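From first to last, the protein sequence lines stand for chains W and P. First residue of the first sequence? That's 1 in the working numbering, and the numbers climb one at a time after it. First residue of the second sequence? That's 1001 in the working numbering, and the numbers climb one at a time after it.
Hint data in this document are derived by calculation from the structure and do not stem from the laboratory. Just so you know, these numbers come straight off a predicted model, no measurement behind them. Cβ atoms here follow ideal geometry from the backbone N, Cα and C, with glycine treated the same way. What you were told as hints is all true, and nothing was included just to trick you.
Not the full set, but computed from the structure, chain W residues with beta-carbon under 7 Å of chain P:
1. Asn66
2. Thr67
3. Ile70
4. Val71
5. Phe74
6. Phe78
7. Gly79
8. Ala82
9. Ser187
10. Phe188
11. Tyr191
12. Ala195
13. Tyr198
14. Leu199
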Amino acid sequence: MSYRLNFHDLIPYLPELGRGLLVTLELTLYATVGGILLGTIVAAARISRTRPTRLLAGVYVELIRNTPFIVQLFFIFFGLPALNIKLTAWQAGLIAMVVNLGAYSAEILRAGIEATPKGQWEAGRTLGLTRFQIFTRIVLPPAFQRIYSSLVGQCIIVMLGSSVISQISVEELTFAANFIQSRSFLSFESYLVTALLYLLLAMLMRRGFGLLARYVFRSQSR
Amino acid sequence: MMQFTDWDIFRNLLLAARWTLLLSLIAFIGGTLFGLVLTFMRTSRRKPLVLLVRGFVELFQGTPLLMQLFLAFFGLSLLGLDVSAWTAATLALVLFSSAFLCDIWSGCIESLPKGQWEASRCLGLSFFQTMRYVILPQALRVAIAPTVGFSVQVVKGTALTSIIGFVELTKAGTMLNNATFQPFKVFAWVALIYFMICYPLSLFSQFLERKLNVSGKH
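So here's chain W without its partners, still in its complex pose:
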């Protein structure tokens, strides 16, 4: 127990960390948008009046929520080429994130949708709106507001989970950490710094989404 931590020798590798951080941010941004979009569609499918649609959406949600992200990633990256679907590692990583977030956000959103009083649907129908119009204009906006913080939490979980994508050689933050530790032999130090960067990213996301909420939901309630 005479080891002394040496952070100084990590300084030359800061550009690598920066590049990795950017890739992680980029993936997270696309995955957040894509995942919530997919989740909204799936949530709509889960309350659909056609039984097969409901069933299909349910199977998707349960399959994704009850298997590890890394297995989903491997299935997409290694498994799909067997069906002649060729993907780059980056594409596979992003698809895995979107598919994963899609299932969780659908489930979160469903809770928000189910909290909508029945009278809202009836009132919409009385006004001559179609089911689609009622869903997108009356039901969805308050549902999003209700579940906003759990949705943000899930987006952060997906961002943290993206570290696994380093395993298929996407050069994101964890990949950078692995690269640095193999060059510098400062394993503990490089992973510690990287972990703290993730923590910072998670805190910034929470703060950023909080500010966004204040702007979006205020302008909506006017």
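Since chain W is already given, all that's left is putting chain P on it; use the hints.
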């Protein structure tokens, strides 16, 4: 070159799934014990303790489990301990589970009306007596469904230990894939076995939630 039949693939995966189950069980039990200590510290209302626990929880919820595994793996060896993938995986998963369970449980305790604490103080009960006789029995009802739900996260979390070289279900999957070149089949089986472990737990958690909520409404 050895040939793998479908049965060989499935049998090997099932055998590896034992380690997934065992590791999940250890992580869950260890996380429960340590999480209980953390929860007690958090409810004690002693500022330094509360801050310490909050920092701990924030750290483990705000960093990827993979980083925690790497840190445990390399951190323990810095301390001069001989680390197998087993030790590192267990340590990281126990700490990870305890942080999340502590967060779930303190949420449950805080959801109880404050008057319960005040009434207990009026009756002259100590902190531990209040916990033992008033708070915990009620909090347990609220906590049991989300706790079972979290066990699914633990099972899925063990998949990451494959990256530091622990041979469990996911690692067996990648190894079989390298041997058979049938990624579609192998990873579909791997996913299905995880599903067979996790889905009953999810269903049980949903069942408990429905059951305990309905009768718990005042």
